[in-house]
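Use the sequences and the hints to build the structure in full.
Read off the chains here:
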Amino acid sequence: MQFPKDLKYTPQHEWIRVEGDLGTCGISDFAQDSLGDVVHVELPAVGAVLRARDRAAEVESVKAVSDVYAPVSGTVTEVNEGLDGSEDAVNRDPYGEGWLFRLRLFAPEELATLLDVAAYEAHVAEAGH
Amino acid sequence: MTRPLVTSGASGLLQEEPLIFERSVPGRRAAWPRPLDVPPADDLDPALLRAVPPRLPEVSEPDVVRHHTRLSQRNYGIDAGFYPLGSCTMKHNPRVSEDLAALPGFGGLHPNQPVSSVQGALRVMVELEDALAEITGLDAVTLQPSAGAHGEFTGLLIVRAAHEARGDARRRILIPESAHGTNPASATLCGYETVEVPAGPDGVMLPESVRSLMAPDVAGLMVTHPNTVGLYETHLREICAVVHDGGGLVYGDGANLNALMGVARPGDVGIDVMHVNLHKTFSTPHGGGGPGAGPVAVRAALAPYLPRPVIQRGERLAIDWDRPLSIGKVRSFYGNFGVLVRAWTYVRQMGGPGLSWASRMAVLNANYLRARLGASYEVAFDRPCMHEVILTDRRQRPHGVETMDIAKALMDHGFHPPTVYFPLVVPHALMVEPTESESLDEMDAFVAAMEAVARQASEDPASLHAAPWRSYRRRLDEVLAAKSPDLRYTWPSPEGSASGGD
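Residue numbers (this note's numbering), protein chains in the order written: chain H, 1 to 129; chain D, 1 to 502.
Hints listed in this document are in silico derivations from the structure and should not be mistaken for laboratory results.
Treat the hints with caution; some may be incorrect.
Computed far set for chain D versus chain H, every beta-carbon distance over 10 Å [unchecked claim]:
#, residue
1, D45
2, P46
3, R70
4, Q113
5, P114
6, D217
7, P291
8, Y334
9, A375
10, G414
Quick look at which bits of chain H chain D covers, simulated, 3 or more residues with Cβ under 8 Å [claimed, not checked]:
#, segment
11, 31-43
12, 96-107
Residues from chain D that face chain H, not an exhaustive set, calculated with beta carbons under 8 Å [to be verified]:
#, residue
13, Y421
14, L424
15, E478
16, A482
17, K483
18, L487
Even glycine gets a Cβ: it sits at the ideal position worked out from N, Cα and C.
Written as structure tokens, this is what we have:
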């Protein structure tokens with residue numbers, strides 16, 4: 001299971017990659033593995049303003065429907081339209097082609113509250129599944 | 001390959017069955033009506049008429065009868081064997097209930113008959129209302145809602161009406177993560193914003209979690225009790241007090257009432273309004289889409305908001321529409337009356353001691369399975385459970401075997417799979433609810449099947465990935481089914497003037 005070092009994570013298994021004031025978000029390798037084959041993804045509206053931990057997206061697999069939360073506060077600038085019909089990208093490439101939405105951060109200091117890779121790996125190990 | 005130990009399926013005469021369309025032979029038919037001997041209608045709007053007749057399967061009567069008989073023989077239900085779905089209470093449906101529901105005085109009624117001619121039917125309804133009030137510990141009941149989620153919606157409309165009547169409209173509802181999956185949907189449909197209450201580490205809700213979320217705009221709490229992980233909400237009395245102190249009401253999802261009937265009354269711990277699933281707890285048939293019934297019970301203070309009409313008590317029963325505070329009708333006529341007759345029969349046949357015995361046996365059975373299956377599977381919350389127990393695949397995953405494989409393999413061993421991957425709070429859950437209907441022998445056979453699957457998981461995991469081996473169809477492609485459902489027949493080639501799969 002892969003957890004890239006340049007990302008920040010949440011205990012709910014979202015990741016965010018920050019470039020300037022933009023943050024690209026998705027679900028972790030652990031999350032996609034737990035969910036199983038993804039068959040449907042609901043993405044937020046571009047322009048939506050999300051507070052940290054607001055429900056941002058929904059990922060449905062053959063096993064379950066799961067909410068995806070905004071790791072930090074921001075305005076949605078872009079969503080991954082390419083997932084429509086290619087939802088399996090979330091399973092194949094959760095940190096690349098399987099990204100979900102992009103935020104323009106308005107409270108970058110919130111990033112300090114997220115988990116770095118070591119803390120996230122420890123969290124996953126503790127979850128144990 | 002490890003051979004399955006037990007099977008309850010037939011092994012000979014397993015008849016393949018094509019789609020009814022594939023049985024079609026041009027010109028073949030079952031009925032030959034006489035030629036039309038009245039003038040054809042000529043005043044129909046041409047825009048509404050078909051240019052070509054629909055292409056229907058052309059089959060004989062024996063074709064149709066065999067087609068549907070064969071399909072029906074592949075159906076699996078509680079009458080065929082143990083149906084261990086968690087959160088569903090698939091208990092036996094007594095035949096005497098069917099007999100009573102079929103009596104001409106019940107089955108032949110028309111809902112528009114004069115009230116004077118349906119006094120017996122109304123008597124059954126008021127007696128059922130009274131029984132449900134007594135069992136839930138609440139004061140008044142509506143029998144209109146025709147399913148559990150319909151009851152939730154009705155109950156929340158009552159909560160909203162009660163708040164609005166005192167000029168205190170509120171917009172949010174607290175819902176624990178251990179609630180039934182339909183709860184957030186019902187609350188949203190009712191116009192509420194939902195707020196999730198996390199469960200404590202031992203699977204039950206803690207008063208401090210509710211206290212920290214309670215606010216003046218919170219209309220109430222929607223709690224499933226016992227909760228969806230099969231545990232008694234031990235702090236519920238204190239939690240209800242917190243909600244009441246904040247001006248909120250407590251909605252109880254009664255889907256799991258089979259654990260409490262005649263033993264503990266939700267109204268006594270502070271629940272203000274709740275629904276009861278007659279098709280679960282009160283043994284009316286369900287599965288395959290109903291019909292169900294989800295009566296809602298409320299405290300006396302909420303009774304004015306119940307759906308109308310209500311039955312007016314007295315020597316002669318009457319229908320009372322004069323209910324100015326009522327939320328209105330939530331269903332045509334009086335609900336699924338046939339289901340109400342079955343539930344009334346069940347209550348009358350069991351009596352108070354019988355109902356409480358049923359709940360005690362349901363809880364004992366679940367704990368028996370918890371204790372026995374704990375030897376080969378991880379139990380999610382290994383402490384006394386209520387009417388259902390949750391296992392996980394944690395001990396099988398190191399062999400590359402997960403919940404879905406276990407569920408599929410169980411079919412090869414003669415048992416219907418339990419509920420899987422629910423509730424979401426337990427990753428990779430397998431949820432089993434034996435109900436009071438299963439005998440010790442039946443549960444031991446189930447345990448033997450589950451143990452055989454666990455052995456197979458460690459000795460021959462690859463065989464489980466391909467399970468089921470012995471069912472009519474092998475492992476289905478669930479991703480394809482979810483993403484590209486093929487729900488409509490397309491004729492292979494156009495024939496005559498009709499084309500495609502009209």
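Each hint tested on the structure:
1. No beta-carbon of chain H is positioned within 10 Å of the beta-carbon of D45 (chain D); the least distance is around 39 Å.
2. With a minimum CB-CB distance of about 40 Å to chain H, P46 (chain D) clears the 10 Å threshold, and the non-interface call stands.
3. Separation of R70 (chain D) from chain H is adequate, the least Cβ-Cβ distance of about 28 Å exceeding the 10 Å criterion.
4. The claim that Q113 (chain D) is not at the interface with chain H holds, since no C-beta of that chain comes within 10 Å of its own (minimum 45 Å).
5. No Cβ of chain H approaches the Cβ of P114 (chain D) within 10 Å, the least distance being about 49 Å, so the stated non-interface status holds.
6. Listed as outside the interface, D217 (chain D) is consistent with that label: its C-beta sits roughly 17 Å from the nearest C-beta of chain H, beyond the 10 Å cut-off.
7. Chain H leaves P291 (chain D) outside its interface by the beta-carbon criterion, the shortest separation being 27 Å against a cut-off of 10 Å.
8. Its beta-carbon lying about 35 Å from the closest one in chain H, Y334 (chain D) satisfies the requirement of being farther than 10 Å from that chain.
9. The Cβ of A375 (chain D) lies farther than 10 Å from every Cβ of chain H, with a closest approach of about 20 Å, so its non-interface assignment holds.
10. For G414 (chain D), the requirement that its beta carbon stay farther than 10 Å from each beta carbon of chain H is met, with the minimum near 24 Å.
11. Residues of the segment 31-43 of chain H lying with their CB closer than 8 Å to a CB of chain D number 5, which satisfies the three-residue condition for coverage.
12. Here's how the segment 96-107 of chain H fares: 0 of its residues keep a CB closer than 8 Å to some CB of chain D, so the rule of at least three is not met and the hint is violated.
13. Proximity of Y421 (chain D) to chain H holds as hinted, the smallest CB-CB distance being about 4 Å (cut-off 8 Å).
14. With its C-beta approaching chain H no nearer than about 6 Å, L424 (chain D) sits inside the 8 Å limit, and its interface hint holds.
15. The criterion of a C-beta within 8 Å of any C-beta in chain H is met by E478 (chain D), whose closest approach is roughly 4 Å, and the hint holds.
16. Because the closest C-beta pair between A482 (chain D) and chain H is about 4 Å apart, less than 8 Å, the hint holds.
17. Below 8 Å, beta-carbon pairs count as interface contacts, and K483 (chain D) has one with chain H at about 5 Å; its hint therefore holds.
18. A cut of 8 Å between beta carbons decides the hint on L487 (chain D): the least distance to chain H is about 16 Å, and the hint is violated.
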